[in-house]
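Asks: Sequence:
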Amino acid sequence: MTKQLLKLGKVPLERALSKLGIASRHQTRQWILAGRIKVDHTLRRDPDFLVIPEKAFLELDDRRITPPVKRTIVLYKPRGVVTTRSDERGRRTVFSLLGKDEQSLHAVGRLDMATSGLLLLTNDSQFSAWLTDPVNHIPRVYLATVQGRITEEKLDMLKSGVKDRGERLAAQSIILRKASGRESHLTIELTEGKNREIRRMLAVVGHEVISLKRVAFGGLTLGTLQPGQYQELSREQLRKFFQQVPMFGV
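Letter 72 of the sequence shown, counting from 1, is numbered 71 in numbering that gives the first Met the number 0, and no numbers are missing.
Accuracy of the hints is not assured; some may be wrong.
Said to hold, decoys possible - Restraint ranges, calculated between C-beta atoms of paired labels, are given here:
#, residue 1, residue 2, range
1, Ile209, Lys158, 20 to 26 Å
2, Asn194, Gly89, 20 to 26 Å
3, Arg84, Gly160, 47 to 53 Å
Claimed, not checked - DSSO-like cross-link-like pairs, simulated, lysine-lysine; straight-line CA separation at most 30 Å:
#, residue 1, residue 2
4, Lys54, Lys212
5, Lys99, Lys69
6, Lys193, Lys212
7, Lys212, Lys239
Hint data in this document are derived by calculation from the structure and do not stem from the laboratory.
Just so you know, even glycine gets a beta-carbon here, dropped at the ideal spot from N, CA and C.
Take the sequences, apply the hints, and build the full model.
Replies: What follows is the structure, encoded as structure tokens:
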């Protein structure tokens, strides 16, 4: 799937249906293949047919599938849980922390298992696609503790950018809060969501991450949330915390 399609919020039909929370992705695929699904009054038998879930007129057995009310929650992800709906290795997932009404939401990006902190979940695919598109430079702020004393020279390297496996990794800003011979405490701001970016860039300059926590995304912070807790965000709050993100007509 191209970045342009993701930016527009287009997703495969089977995924669009499952995101509506009406059935699993496997079940929706079977409905499509059986000729039970129409998109904008036209029968579609291709599970990979691209649609914008919030805009498409979807029907199952000639009955309209009503899009759910758009919802977004902020979760304080604890360390030790994975950001997937299910895990083949039996590890605990973020969805085990959510109620029945939140199971149809999807995570906006991911935090790896060892990382804690702020995680957004939503059923608004356009909003999610806009937030995660690197061209929009939505800031994410992390608190990191690394082994050893990190030098000013290495901080400058991280701000200028380092290479890992042919990919350039760079912090938008990085502040040394405290340092000793044993460990250093950093505040790091990123504007892209590359896989394990902070752990990788710090490894390049010779420092292993001991702990990593995301404390802000756009203008949103964890506030008083405790690990495992979550709260719903109103559209007014989303406009406040993500002023640069279009609300797609809402």
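Asks: Need the status of pair Lys54, Lys212: alpha-carbon distance at most 30 Å?
Replies: Violated: Lys54 and Lys212 sit about 36 Å apart, past 30 Å.
Asks: Checking one constraint from the list: CA of Lys212 to CA of Lys239, max 30 Å. Satisfied?
Replies: Status holds; Cα separation ~23 Å.
Asks: When you take the CB atoms of Ile209 and Lys158, is the distance between them in 20 to 26 Å?
Replies: 21 Å, holds
Asks: Are Arg84 and Gly160 spaced within 47 to 53 Å by their CB atoms?
Replies: Roughly 34 Å apart at Cβ, these two residues miss the hinted range, so it is violated.
Asks: Against the 30 Å threshold, does the CA-CA distance of Lys193 and Lys212 hold or violate the hint?
Replies: Holds, at about 16 Å.
Asks: Given the range 20 to 26 Å, decide if the beta-carbon distance of Asn194 to Gly89 lies inside it.
Replies: 23 Å, holds
Asks: Is the straight-line distance between the alpha-carbon of Lys99 and that of Lys69 30 Å or less?
Replies: 16 Å, holds
Checked against the numbered hints given earlier, this structure breaks hints 3, 4; the rest are met.
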